Structure formats: structure tokens, C-alpha cells
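The lines below spell out each chain.
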Amino acid sequence: MRIRNILKRLAICFLSCSIPFVLVGCQQKSQEISFRDIKSEGELIVLTNAYFEPYEYYKNNEIVGVDISIAKLIAERLGLKLKIKDMDFDNILIDLTNNKGHIAMAGITLTEEREKAFAHSIPYAESSQRILINANIHSDIKKLDDLVGKKIGVVIGTTSDVFISQQIKEGSFADSETETIVAQYKDLEPAKEALENGDIDAFILDSLTAQRITKHIQI
Amino acid sequence: MVFAPILSNEEYVFVYNKNMSQEFINIIDNIIIEIKRNGTLDSFYEDENN
Chain F
136 MRIRNILKRL AICFLSCSIP FVLVGCQQKS QEISFRDIKS EGELIVLTNA YFEPYEYYKN
196 NEIVGVDISI AKLIAERLGL KLKIKDMDFD NILIDLTNNK GHIAMAGITL TEEREKAFAH
256 SIPYAESSQR ILINANIHSD IKKLDDLVGK KIGVVIGTTS DVFISQQIKE GSFADSETET
316 IVAQYKDLEP AKEALENGDI DAFILDSLTA QRITKHIQI
Chain H
30 MVFAPILSNE EYVFVYNKNM SQEFINIIDN IIIEIKRNGT LDSFYEDENN
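Heads up: the sequence lines are chains F and H, in that order. Converting from the first sequence to our numbering requires adding 135 to each position, the first position being numbered 1. Converting from the second sequence to our numbering requires adding 29 to each position, the first position being numbered 1.
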């Protein structure tokens with residue numbers, strides 16, 4: 136009985152000593168990124184994928200666009216130097232998780248999963264998704280149903296990717312005798328090339344970006 | 030290239046690490062509200078169209 140009491144006391148002592156360490160560990164993991172921290176770093180780090188006209192894209196070797204104009208304005212207001220990191224779209228949220236940037240500005244749409252894993256701003260832009268087709272090959276594609284059994288291109292992780300994945304999940308293409316394939320590209324350029332070459336039948340993307348593409352190339 | 034009709038309407042947001050302080054998020058939200066109200070955001074789009 137005496138031994139049991141001693142063991143019980145030792146266990147309580149061990150737990151009361153170790154719990155604070157466990158809590159400290161948890162706090163470090165979820166340490167708040169304060170405005171003061173960012174100010175002391177002296178720069179605002181924006182993560183983006185600069186192949187998304189008119190929001191972010193290269194012009195004369197410089198990243199410009201609507202999102203970049205907003206980023207410049209924010210940095211100026213906060214008295215910070217702006218640093219823009221260009222990367223593949225699907226790496227943006229990974230780097231954000233690993234604290235390699237302060238804001239992701241890349242025409243990002245909220246999904247249930249993203250809402251659970253990240254914090255976000257109020258909406259700053261409205262977007263619509265459109266189907267872009269190579270008219271020389273597929274003048275018959277005029278609506279979503281026409282994509283059944285076709286090969287559809289999207290940029291991985293973008294609103295278009297989320298949209299088409301949702302459509303497939305909901306069974307929009309379930310009646311097809313031939314499989315509908317979604318080809319995911321790391322950014323806009325290879326998807327655009329695939330459409331030009333006829334490797335994909337359609338490319339789903341942001342409406343404004345689609346308009347920009349048609350300005351630059353003729354098919 | 031040709032367009033098909035609009036498929037869906039979505040909204041774009043800026044995304045932060047889950048641990049970003051609410052103070053910082055509020056500052057950015059207030060800037061977004063301001064530039065939407067005073068036409069600065071529209072001017073950014075106009076600059077892109079010109």
C-alpha cells in the first residue's frame with residue numbers, strides 16, 4: 136500500500152512537471168505572427184504565381200498586375216519593403232504553411248479545406264471561369280456538357296481545377312462512354328501550349344486571363 | 030480561340046498562414062475596403078486594360 140502511494144505521488148509529480156513543457160511545445164508550434172514581427176523584419180513577403188494575367192505576370196522582366204499593384208500599395212502603407220516570390224501555384228500554400236511568406240496573392244479561391252487550414256482576407260475580386268477552346272479543332276464545344284469524354288486542361292490548384300474536380304465529384308461527366316480526363320499543368324504556359332497543339336480539347340481558366348490569351352495569340 | 034459561357038462565379042481572397050495575427054488581417058481588410066470604395070482598385074484594372 137505504501138509503495139503504491141509512493142508511485143502515485145511520483146506519477147503526479149512527473150505529470151505536473153512535464154505538462155508545462157508539452158504546453159510550451161504546442162505554443163511554439165502555433166506562435167502568432169504579429170504585425171510587430173513583420174515590421175521588425177522590414178519586408179512584406181508576397182507569394183504568387185506570375186502567370187496569371189491581369190493579376191500577376193511578367194512584363195519586361197518585372198512582375199506586375201492587379202494583385203501586385205495592391206501589394207505595392209499595402210507595403211507602402213505599412214512602411215515595408217515588398218518582396219515578391221514567384222513559384223508554382225501548388226507550392227504557394229505549402230510555403231505559406233512553412234512561414235516562407237506573409238501573404239499569398241495569386242487569385243486564390245476559398246475551399247472548405249483551405250478555410251480550415253489558412254486564414255484569409257475579405258474577397259477583393261470576383262472571378263468567373265470560362266472554357267477556352269482551339270476553334271480550329273473543336274468548334275462544337277459551347278458549354279460544360281460538351282466536355283464529356285474530352286481532355287480538359289487546368290492549372291493545378293487554381294479555381295478552375297477546384298471547379299472541374301467538383302464537377303467530376305458531382306457526377307457531371309458520369310454518363311460518358313469515353314473517359315473525361317483532367318490534365319493538370321503547373322502553370323498557364325504549358326496549358327496554353329497544349330491547347331494550341333491540340334493535346335487538350337479545352338482549357339478552363341479565369342475569364343480575364345482567357346481574354347488576355349486571346350489578345351496575344353490567334354488560332 | 031473562342032469562349033464558352035461563364036461556368037461559375039467565384040471570389041478571390043488573399044491567404045495567410047493560420048497563425049497570422051488578426052490585427053494584420055484587419056489592416057489588410059481595411060485597405061481592401063478602402064481601395065474598393067475610393068476607386069483605386071478599379072484604376073488598377075483600368076491600368077491593365079490600357
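Calculated directly from the structure, the hints in this document are not laboratory data. In this text, all values refer to a predicted model and were calculated from it rather than measured experimentally. It is possible that some hints are incorrect.
[To be verified] One-sided excerpt, in silico: chain H residues whose CB lies under 10 Å from chain F:
1) S37
2) E40
3) V44
4) N46
5) M49
6) Q51
7) I54
8) I56
9) I61
10) L70
11) Y74
12) N78
[Claimed, not checked] Partial pick of chain H residues on the chain F-facing surface, computed with a CB cut under 8 Å:
13) V42
14) I57
15) I64
16) F73
[Said to hold, decoys possible] Have a look at the derived ranges for each label pair, beta carbon to beta carbon:
17) G68(H) with S175(F): 31 to 39 Å
18) Q51(H) with S274(F): 47 to 55 Å
19) A309(F) with S72(H): 39 to 47 Å
20) G284(F) with I56(H): 47 to 55 Å
21) Q301(F) with D76(H): 19 to 27 Å
22) E40(H) with A252(F): 26 to 34 Å
23) G68(H) with L213(F): 41 to 49 Å
All C-beta atoms in this analysis are idealised placements derived from N, C-alpha and C, irrespective of residue type, glycine included.
Results of checking the hints against the structure:
no. : hint                            : in the structure
1   : S37                             : holds (5 Å)
2   : E40                             : holds (4 Å)
3   : V44                             : holds (4 Å)
4   : N46                             : holds (5 Å)
5   : M49                             : holds (5 Å)
6   : Q51                             : holds (8 Å)
7   : I54                             : holds (6 Å)
8   : I56                             : holds (7 Å)
9   : I61                             : holds (5 Å)
10  : L70                             : holds (7 Å)
11  : Y74                             : holds (6 Å)
12  : N78                             : holds (8 Å)
13  : V42                             : holds (4 Å)
14  : I57                             : holds (5 Å)
15  : I64                             : holds (7 Å)
16  : F73                             : holds (4 Å)
17  : G68(H) with S175(F): 31 to 39 Å : holds (34 Å)
18  : Q51(H) with S274(F): 47 to 55 Å : holds (51 Å)
19  : A309(F) with S72(H): 39 to 47 Å : holds (46 Å)
20  : G284(F) with I56(H): 47 to 55 Å : holds (49 Å)
21  : Q301(F) with D76(H): 19 to 27 Å : violated (33 Å)
22  : E40(H) with A252(F): 26 to 34 Å : violated (18 Å)
23  : G68(H) with L213(F): 41 to 49 Å : violated (21 Å)
In summary, the structure is inconsistent with hints 21, 22, 23 from the numbered list given earlier, while agreeing with the others.
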